[in-house]
Amino acid sequence: MLTDGSRHTLDGDLVTIGRQASCTIVIADNNISRVHARFRAGDNGWTIEDLGSTNGTKVNGVLIAEPTLLSNGQLIALGSLQLHFEQA
Numbered sequence: 001m002l003t004d005g006s007r008h009t010l011d012g013d014l015v016t017i018g019r020q021a022s023c024t025i026v027i028a029d030n031n032i033s034r035v036h037a038r039f040r041a042g043d044n045g046w047t048i049e050d051l052g053s054t055n056g057t058k059v060n061g062v063l064i065a066e067p068t069l070l071s072n073g074q075l076i077a078l079g080s081l082q083l084h085f086e087q088a
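Under the UniProt record's numbering, the first residue of the sequence shown is numbered 1, with each subsequent residue one higher.
Quick caveat, the hints were computed from the structure, so don't treat them as lab data. Take the hints with a grain of salt, since some may be wrong.
[Unchecked claim] Have a look at the derived ranges for each label pair, beta carbon to beta carbon: (1) T9 with L75: 28 to 38 angstroms; (2) R40 with L75: 15 to 25 angstroms; (3) T54 with A88: 25 to 35 angstroms; (4) D43 with S80: 31 to 41 angstroms; (5) N44 with A21: 27 to 37 angstroms.
A virtual CB, placed ideally from N, CA and C, is assigned to each residue, including glycine.
My request is simple: use the sequences and hints to build the entire structure.
Here it is in structure tokens:
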């Protein structure tokens with residue numbers, strides 16, 4: 001869920017987020033890279049990976065440098081955009 005209250009479902013095993021139209025989730029924000037990050041479903045749950053973005057990706061305030069396993073309720077920051085990760 002984005003901090004503005006909008007929700008996006010992570011459908012499938014691989015979800016990209018960024019400004020580019022080819023991303024699964026498109027965010028029109030200049031602080032977001034064209035293809036900013038990737039969510040991936042795995043045996044242990046969802047991970048997020050920064051894809052070399054300019055402004056970085058943080059999980060609970062920590063800049064990530066490798067795929068990071070997500071837990072329910074974690075705060076994800078993509079540039080200045082903040083999301084809350086919620087598992088069903």
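The hints, checked one at a time:
no.: 1; hint: T9 with L75: 28 to 38 angstroms; result: violated, 19 angstroms
no.: 2; hint: R40 with L75: 15 to 25 angstroms; result: holds, 19 angstroms
no.: 3; hint: T54 with A88: 25 to 35 angstroms; result: holds, 32 angstroms
no.: 4; hint: D43 with S80: 31 to 41 angstroms; result: holds, 33 angstroms
no.: 5; hint: N44 with A21: 27 to 37 angstroms; result: holds, 31 angstroms
Hint compliance for this structure: hint 1 alone is broken.
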